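Same order as they appear, the protein sequences are chains A and B.
Heads up: the first sequence begins at 1 in the numbering used here, then just goes up one per residue.
Heads up: the second sequence begins at 1 in the numbering used here, then just goes up one per residue.
Calculated directly from the structure, the hints in this document are not laboratory data.
Being a predicted model, the structure only gives us computed values, none of them experimental.
Wrong hints could be hidden among the right ones.
Simulated pairs of lysine-lysine, PhoX-like, Cα-Cα distance not exceeding 25 Å [unchecked claim]:
{"#": "1", "chain 1": "B", "residue 1": "Lys-37", "chain 2": "A", "residue 2": "Lys-3"}
{"#": "2", "chain 1": "A", "residue 1": "Lys-58", "chain 2": "A", "residue 2": "Lys-93"}
{"#": "3", "chain 1": "B", "residue 1": "Lys-37", "chain 2": "B", "residue 2": "Lys-58"}
{"#": "4", "chain 1": "B", "residue 1": "Lys-37", "chain 2": "B", "residue 2": "Lys-10"}
{"#": "5", "chain 1": "B", "residue 1": "Lys-3", "chain 2": "A", "residue 2": "Lys-58"}
{"#": "6", "chain 1": "B", "residue 1": "Lys-37", "chain 2": "B", "residue 2": "Lys-80"}
{"#": "7", "chain 1": "B", "residue 1": "Lys-58", "chain 2": "B", "residue 2": "Lys-93"}
{"#": "8", "chain 1": "A", "residue 1": "Lys-10", "chain 2": "B", "residue 2": "Lys-93"}
{"#": "9", "chain 1": "A", "residue 1": "Lys-37", "chain 2": "A", "residue 2": "Lys-10"}
{"#": "10", "chain 1": "A", "residue 1": "Lys-93", "chain 2": "B", "residue 2": "Lys-58"}
{"#": "11", "chain 1": "A", "residue 1": "Lys-3", "chain 2": "A", "residue 2": "Lys-37"}
{"#": "12", "chain 1": "A", "residue 1": "Lys-93", "chain 2": "B", "residue 2": "Lys-85"}
{"#": "13", "chain 1": "A", "residue 1": "Lys-3", "chain 2": "B", "residue 2": "Lys-3"}
{"#": "14", "chain 1": "B", "residue 1": "Lys-58", "chain 2": "A", "residue 2": "Lys-10"}
{"#": "15", "chain 1": "B", "residue 1": "Lys-80", "chain 2": "A", "residue 2": "Lys-93"}
{"#": "16", "chain 1": "B", "residue 1": "Lys-93", "chain 2": "A", "residue 2": "Lys-93"}
{"#": "17", "chain 1": "A", "residue 1": "Lys-80", "chain 2": "A", "residue 2": "Lys-58"}
{"#": "18", "chain 1": "B", "residue 1": "Lys-93", "chain 2": "B", "residue 2": "Lys-3"}
{"#": "19", "chain 1": "B", "residue 1": "Lys-10", "chain 2": "A", "residue 2": "Lys-58"}
{"#": "20", "chain 1": "B", "residue 1": "Lys-58", "chain 2": "B", "residue 2": "Lys-85"}
{"#": "21", "chain 1": "A", "residue 1": "Lys-3", "chain 2": "A", "residue 2": "Lys-58"}
{"#": "22", "chain 1": "A", "residue 1": "Lys-80", "chain 2": "B", "residue 2": "Lys-85"}
{"#": "23", "chain 1": "A", "residue 1": "Lys-93", "chain 2": "A", "residue 2": "Lys-37"}
{"#": "24", "chain 1": "B", "residue 1": "Lys-37", "chain 2": "B", "residue 2": "Lys-85"}
{"#": "25", "chain 1": "B", "residue 1": "Lys-10", "chain 2": "B", "residue 2": "Lys-80"}
{"#": "26", "chain 1": "B", "residue 1": "Lys-58", "chain 2": "B", "residue 2": "Lys-80"}
{"#": "27", "chain 1": "A", "residue 1": "Lys-3", "chain 2": "B", "residue 2": "Lys-58"}
{"#": "28", "chain 1": "A", "residue 1": "Lys-85", "chain 2": "B", "residue 2": "Lys-3"}
{"#": "29", "chain 1": "A", "residue 1": "Lys-80", "chain 2": "A", "residue 2": "Lys-93"}
{"#": "30", "chain 1": "A", "residue 1": "Lys-37", "chain 2": "B", "residue 2": "Lys-3"}
{"#": "31", "chain 1": "B", "residue 1": "Lys-93", "chain 2": "B", "residue 2": "Lys-10"}
{"#": "32", "chain 1": "B", "residue 1": "Lys-3", "chain 2": "A", "residue 2": "Lys-93"}
{"#": "33", "chain 1": "A", "residue 1": "Lys-85", "chain 2": "A", "residue 2": "Lys-3"}
{"#": "34", "chain 1": "A", "residue 1": "Lys-37", "chain 2": "A", "residue 2": "Lys-58"}
{"#": "35", "chain 1": "A", "residue 1": "Lys-58", "chain 2": "B", "residue 2": "Lys-37"}
{"#": "36", "chain 1": "A", "residue 1": "Lys-3", "chain 2": "B", "residue 2": "Lys-93"}
Only some residues are given here: those of chain A computed to face chain B with a beta carbon under 7 Å [as the list claims (entries may be wrong)]:
{"#": "37", "residue": "Gly-4"}
{"#": "38", "residue": "Leu-13"}
{"#": "39", "residue": "Gln-19"}
{"#": "40", "residue": "Val-22"}
Here a beta-carbon is modelled for each residue, glycine too, at the ideal position from N, C-alpha and C.
2 protein chains.
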Amino acid sequence: MTKGINILEKLQLFTEQWQPKVITEMNDYQLKIAKIKGEFEWHSHSETDEVFFVIEGKLIIHLRDDSIELNPMELYVVPKGVEHKPYAEEEAKIMLIEPRGTASTGDNVGKRAAQEDEWI
Amino acid sequence: MTKGINILEKLQLFTEQWQPKVITEMNDYQLKIAKIKGEFEWHSHSETDEVFFVIEGKLIIHLRDDSIELNPMELYVVPKGVEHKPYAEEEAKIMLIEPRGTASTGDNVGKRAAQEDEWI
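Model the full structure from these sequences, guided by the hints.
Here's what the structure looks like:
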């Protein structure tokens, strides 16, 4: 009997924020986990939708004309091309689903662009 | 402020087993939730990997040469082409991620093939 990938255990393996870690892949997509606190920069992904799934804490996804509140076990798909700015008042633990090679700052070349393909 | 998709609330909206319901899409992929109990049939998907993520309960994914045990907040990706048989002794609540149009019985034409694209 083999164990699956335990998201809570994986989250205990790192402390840094805004640095998504790949936990597995399916086809050309990656499932990533991240710890975030504070606000990210406005950005969009012109080529792909992006799934945000909250494990712990509360995540606000600001859109230009609305805001999405996500609590644990809640998810939201930011459509491709839609500008968004993630924000968490306290540290939130989240899972992201997006194509391999998707930069965290989207079409921007931002200072906070995470190094891609960091596995945990 | 808009709410996200709450997986636990969505799971309360139906009781039938082995009938995955689409809760959202990203690009050409669908996120589905399902309640399962007992064993499914052996099958494989020749064109795609498949993500199993357990919300509640315990899921066993039998492979021909191994078995994967998944508890809540654990996930496993069945690689494309790999024969598998999901099994749950008690009802388990799971989320699946797979391309739009993926039949639940894979390359088989099984009696238990779920009607595709049933949204909830």
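| query | Any of the earlier hints contradicted here, and which numbers? | reply | Hint check: 11, 12, 13, 15, 21, 22, 25, 33, 35, 38, 39, 40 fail, others pass.
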